[in-house]
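Engineer: From first to last, the protein sequence lines are chains X and A.
The first sequence begins at 1 in this note's numbering and counts up by one.
The second sequence begins at 1 in this note's numbering and counts up by one.
Keep in mind that the hints were calculated from the coordinates and are not lab data.
Treat the hints loosely; a few may be bogus.
[Said to hold, decoys possible] Ranges between beta-carbon positions, derived for each pair:
| no. | chain 1 | residue 1 | chain 2 | residue 2 | range |
| --- | --- | --- | --- | --- | --- |
| 1 | X | THR2 | A | GLY306 | 52 to 62 Å |
| 2 | X | GLY244 | A | ALA69 | 50 to 60 Å |
| 3 | A | ARG71 | X | LEU248 | 32 to 42 Å |
| 4 | X | GLY127 | A | ALA69 | 43 to 53 Å |
| 5 | A | ALA115 | X | PHE172 | 23 to 33 Å |
| 6 | X | LYS82 | A | GLY232 | 34 to 44 Å |
| 7 | A | VAL170 | X | LEU70 | 40 to 50 Å |
| 8 | X | LYS82 | A | SER267 | 47 to 57 Å |
| 9 | A | ASP220 | X | TRP171 | 36 to 46 Å |
| 10 | A | GLN65 | X | PHE172 | 19 to 29 Å |
| 11 | A | GLU300 | X | THR2 | 52 to 62 Å |
| 12 | X | TRP171 | A | LEU183 | 27 to 37 Å |
| 13 | X | LYS82 | A | VAL319 | 47 to 57 Å |
[Unchecked claim] Cβ-to-Cβ under 10 Å is the rule here; a few derived chain A residues that face chain X:
| no. | residue |
| --- | --- |
| 14 | ARG47 |
| 15 | ALA50 |
| 16 | ARG75 |
| 17 | ALA76 |
| 18 | ILE77 |
| 19 | GLY78 |
| 20 | MET79 |
| 21 | PHE81 |
| 22 | GLN82 |
| 23 | ALA143 |
| 24 | ALA149 |
| 25 | LEU156 |
Even for Gly, the Cβ is constructed at its ideal location relative to N, Cα and C.
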Amino acid sequence: MTRVLAWLALLLGVLYFLLPLAGMTEFSLKMRRGEYSFDAYRKVFEDPQFWATFSYSLVLAAATILVGVLLVVPTAYWVRLKLPQARPVIEFITLLPLVIPAIVIVFGYIRLYNTSSLLPLTGSALGTDILLTMGYATLALPYMYRAVDTGLRTIDVATLTEAAQSLGAGWFTILARIILPNVLVAVLSGAFLTLAIVIGEFTMAALLNRPAFGPYMQILGANRAYEPPALAVIAFAITWGCMGLIQLVTRFSKHERAKV
Amino acid sequence: MAFLELTNLEKVFGTNRVVTDFTLGIEKGEFISLLGPSGCGKTTVLRMVAGFETPTSGTIRIDGQDVTALRTNQRAIGMMFQAYALFPNMTVADNVAFGLKVKGVPKGERDARVAEMLRLIGLSDLGNRFPFQMSGGQQQRVALARALAPRPRVLLLDEPLSALDAKVRVSLRNEIREIQRELGITTIFVTHDQEEAMSISDRIVVMNGGIAEQAGAPFDIYNNPRTRFVAGFVGTLNMFTATVEAPEQGLLKVAGQTVALGTGAISARAGETVTLALRPEAIHLGRAEGREVVLPATIEEVHFLGSVIRVRARVADTVVALDTFNRADQPPPPIGSTGEISFSARDVILLPQ
Ligand SMILES: Nc1ncnc2c1ncn2[C@@H]1O[C@H](COP(=O)(O)OP(=O)(O)O)[C@@H](O)[C@H]1O
Ligand SMILES: [Mg+2]
Numbered sequence: 001m002t003r004v005l006a007w008l009a010l011l012l013g014v015l016y017f018l019l020p021l022a023g024m025t026e027f028s029l030k031m032r033r034g035e036y037s038f039d040a041y042r043k044v045f046e047d048p049q050f051w052a053t054f055s056y057s058l059v060l061a062a063a064t065i066l067v068g069v070l071l072v073v074p075t076a077y078w079v080r081l082k083l084p085q086a087r088p089v090i091e092f093i094t095l096l097p098l099v100i101p102a103i104v105i106v107f108g109y110i111r112l113y114n115t116s117s118l119l120p121l122t123g124s125a126l127g128t129d130i131l132l133t134m135g136y137a138t139l140a141l142p143y144m145y146r147a148v149d150t151g152l153r154t155i156d157v158a159t160l161t162e163a164a165q166s167l168g169a170g171w172f173t174i175l176a177r178i179i180l181p182n183v184l185v186a187v188l189s190g191a192f193l194t195l196a197i198v199i200g201e202f203t204m205a206a207l208l209n210r211p212a213f214g215p216y217m218q219i220l221g222a223n224r225a226y227e228p229p230a231l232a233v234i235a236f237a238i239t240w241g242c243m244g245l246i247q248l249v250t251r252f253s254k255h256e257r258a259k260v
Numbered sequence: 001m002a003f004l005e006l007t008n009l010e011k012v013f014g015t016n017r018v019v020t021d022f023t024l025g026i027e028k029g030e031f032i033s034l035l036g037p038s039g040c041g042k043t044t045v046l047r048m049v050a051g052f053e054t055p056t057s058g059t060i061r062i063d064g065q066d067v068t069a070l071r072t073n074q075r076a077i078g079m080m081f082q083a084y085a086l087f088p089n090m091t092v093a094d095n096v097a098f099g100l101k102v103k104g105v106p107k108g109e110r111d112a113r114v115a116e117m118l119r120l121i122g123l124s125d126l127g128n129r130f131p132f133q134m135s136g137g138q139q140q141r142v143a144l145a146r147a148l149a150p151r152p153r154v155l156l157l158d159e160p161l162s163a164l165d166a167k168v169r170v171s172l173r174n175e176i177r178e179i180q181r182e183l184g185i186t187t188i189f190v191t192h193d194q195e196e197a198m199s200i201s202d203r204i205v206v207m208n209g210g211i212a213e214q215a216g217a218p219f220d221i222y223n224n225p226r227t228r229f230v231a232g233f234v235g236t237l238n239m240f241t242a243t244v245e246a247p248e249q250g251l252l253k254v255a256g257q258t259v260a261l262g263t264g265a266i267s268a269r270a271g272e273t274v275t276l277a278l279r280p281e282a283i284h285l286g287r288a289e290g291r292e293v294v295l296p297a298t299i300e301e302v303h304f305l306g307s308v309i310r311v312r313a314r315v316a317d318t319v320v321a322l323d324t325f326n327r328a329d330q331p332p333p334p335i336g337s338t339g340e341i342s343f344s345a346r347d348v349i350l351l352p353q
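Make a model of the complete structure from these sequences and hints.
Structural biologist: Right under this line is the structure:
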């Protein structure tokens with residue numbers, strides 16, 4: 001009896017999740033009257049704005065991932081190694097971006113770094129891109145930190161560090177050759193989450209007035225009928241592609257299999 | 001001056017003094033064991049030598065060089081841990097090569113050294129394996145090869161065998177000792193297992209409560225323990241309480257009987273209480289030639305161990321353990337029977353109260 005109920009709950013969940021998706025996909029195929037076609041998709045792919053904003057966001061996502069990894073891996077490692085008592089505090093700090101709305105962060109940025117400030121980052125396109133990258137890194141921090149910290153839990157950080165030190169290694173070598181490779185899968189899953197956040201982010205890019213994918217989706221959604229669902233399906237495919245990539249990476253890194 | 005010189009080492013954690021006035025000189029190529037119960041400070045001493053802990057006071061010299069203030073990666077030491085500390089993301093060969101790579105040894109030379117080390121530990125064919133594909137014993141052998149590859153000045157081993165099962169433990173400890181002899185590397189081995197320490201060490205330092213109680217060859221430590229703790233911790237020991245009768249003639253009273261230890265054996269004064277200790281193998285069941293001290297005893301337990309039979313017998317108010325060799329024509333005594341035990345005054349170890 002409980003088994004039947006469990007299956008029923010699962011079925012409801014799947015329907016709840018899949019029906020809108022199916023509806024949206026179906027709608028995106030109906031641009032041509034009376035028959036299914038990929039016209040909406042062709043329209044999207046033919047739009048130079050799509051490619052410009054998408055590649056812009058991809059580049060910024062890559063920069064965000066780099067900043068996140070350089071910031072989070074050494075921090076999470078150091079906290080585990082030397083300041084285990086500070087972990088609750090650090091965890092709280094990394095959770096703050098979930099509580100503070102992006103709009104608050106970005107207004108703070110604009111106040112701090114406007115053209116009449118000491119560090120006028122908003123004065124140039126590059127400066128604004130840097131600011132946006134930092135903003136993205138902040139938004140992604142909770143996910144990146146949690147992913148890396150979970151990865152670090154699967155290895156004996158203290159012993160591996162001491163073993164490497166006894167073999168003559170310094171901090172940089174330890175981080176680059178031992179810690180990072182051992183949490184690579186965790187870092188990658190953090191990276192794909194970051195990618196998903198950056199591709200979909202609207203508030204920061206719009207307020208800083210940068211040509212990112214999020215604002216493009218918004219503009220398209222406000223002005224067209226069939227292209228937005230097509231775009232959503234594309235975005236969905238990218239996300240699922242990332243998930244698949246995480247699986248593949250895990251599969252192919254031999255030593256990771258030992259942990260699962 | 002010894003090759004590795006530890007002078008007046010002290011370590012305090014907060015208000016907890018963990019190592020007190022630890023002084024030890026270790027000769028080049030010597031194999032030293034730090035032996036003691038859990039929590040006595042063995043690991044702390046080793047970690048100070050490794051540079052993972054800074055001594056509160058005292059100095060550490062390796063080959064004449066004061067390394068007390070140096071960081072671990074500047075000390076040229078090799079270390080082996082209790083937990084399997086192989087790098088999980090690297091193959092066996094890469095693990096062994098790690099220290100050489102850090103040192104900047106060129107690839108050709110490095111590969112040759114790795115092959116040599118793998119041959120030394122008998123795992124030449126497993127260079128491409130990952131640590132998780134190997135048994136605990138194999139992993140610890142790789143850890144040994146990895147520690148030795150960069151030719152460290154000192155090898156430090158912190159209970160490297162305690163996670164292994166009994167059989168592997170014995171064979172690997174012998175292997176470690178063989179390799180250590182072959183390379184002539186100065187070694188400190190930490191263990192709480194007295195049999196392990198005695199079977200492979202040149203010298204043993206018995207530690208208790210952060211203090212080195214006695215240092216000496218296994219034979220000396222076992223036969224001439226200087227303190228009650230050492231006597232009790234190393235091997236099994238039977239202790240009798242005795243009262244000194246006539247110190248100048250070496251007479252004591254044990255279990256209501258006067259025992260003569262010979263002149264000059266006793267430094268206590270008449271009427272004082274001393275502890276008289278005997279190894280199980282020094283006590284004989286029944287009377288025997290050359291064992292002049294005879295005491296009445298009741299058999300309480302008999303453990304047949306194969307070649308040896310361990311008997312527990314009550315003598316006055318103490319229970320003594322004694323070992324006799326198994327002989328087919330001599331069945332062990334029945335439990336509850338009364339008899340005699342005998343020993344020679346020469347085998348008695350007198351301990352301060
Ligand atoms: N980092 C530390 N901080 C506080 N106390 C410690 C630390 N390391 C060891 N101790 C304490 O020092 C004592 C000796 O520890 P240790 O050297 O590990 O003993 P052993 O290796 O002989 O078992 C123990 O009481 C332990 O709790
Ligand atoms: Mg220890």
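Engineer: Hint by hint, say whether it matches the structure.
Structural biologist: Okay, the hints, checked on the actual structure:
no.: 1; hint: THR2(X) with GLY306(A): 52 to 62 Å; verdict: holds, 58 Å
no.: 2; hint: GLY244(X) with ALA69(A): 50 to 60 Å; verdict: holds, 53 Å
no.: 3; hint: ARG71(A) with LEU248(X): 32 to 42 Å; verdict: holds, 40 Å
no.: 4; hint: GLY127(X) with ALA69(A): 43 to 53 Å; verdict: holds, 45 Å
no.: 5; hint: ALA115(A) with PHE172(X): 23 to 33 Å; verdict: holds, 28 Å
no.: 6; hint: LYS82(X) with GLY232(A): 34 to 44 Å; verdict: holds, 40 Å
no.: 7; hint: VAL170(A) with LEU70(X): 40 to 50 Å; verdict: holds, 48 Å
no.: 8; hint: LYS82(X) with SER267(A): 47 to 57 Å; verdict: holds, 53 Å
no.: 9; hint: ASP220(A) with TRP171(X): 36 to 46 Å; verdict: holds, 45 Å
no.: 10; hint: GLN65(A) with PHE172(X): 19 to 29 Å; verdict: holds, 25 Å
no.: 11; hint: GLU300(A) with THR2(X): 52 to 62 Å; verdict: holds, 60 Å
no.: 12; hint: TRP171(X) with LEU183(A): 27 to 37 Å; verdict: holds, 30 Å
no.: 13; hint: LYS82(X) with VAL319(A): 47 to 57 Å; verdict: holds, 51 Å
no.: 14; hint: ARG47; verdict: holds, 9 Å
no.: 15; hint: ALA50; verdict: holds, 6 Å
no.: 16; hint: ARG75; verdict: holds, 8 Å
no.: 17; hint: ALA76; verdict: holds, 8 Å
no.: 18; hint: ILE77; verdict: holds, 6 Å
no.: 19; hint: GLY78; verdict: holds, 6 Å
no.: 20; hint: MET79; verdict: holds, 4 Å
no.: 21; hint: PHE81; verdict: holds, 6 Å
no.: 22; hint: GLN82; verdict: holds, 9 Å
no.: 23; hint: ALA143; verdict: holds, 8 Å
no.: 24; hint: ALA149; verdict: holds, 8 Å
no.: 25; hint: LEU156; verdict: holds, 8 Å
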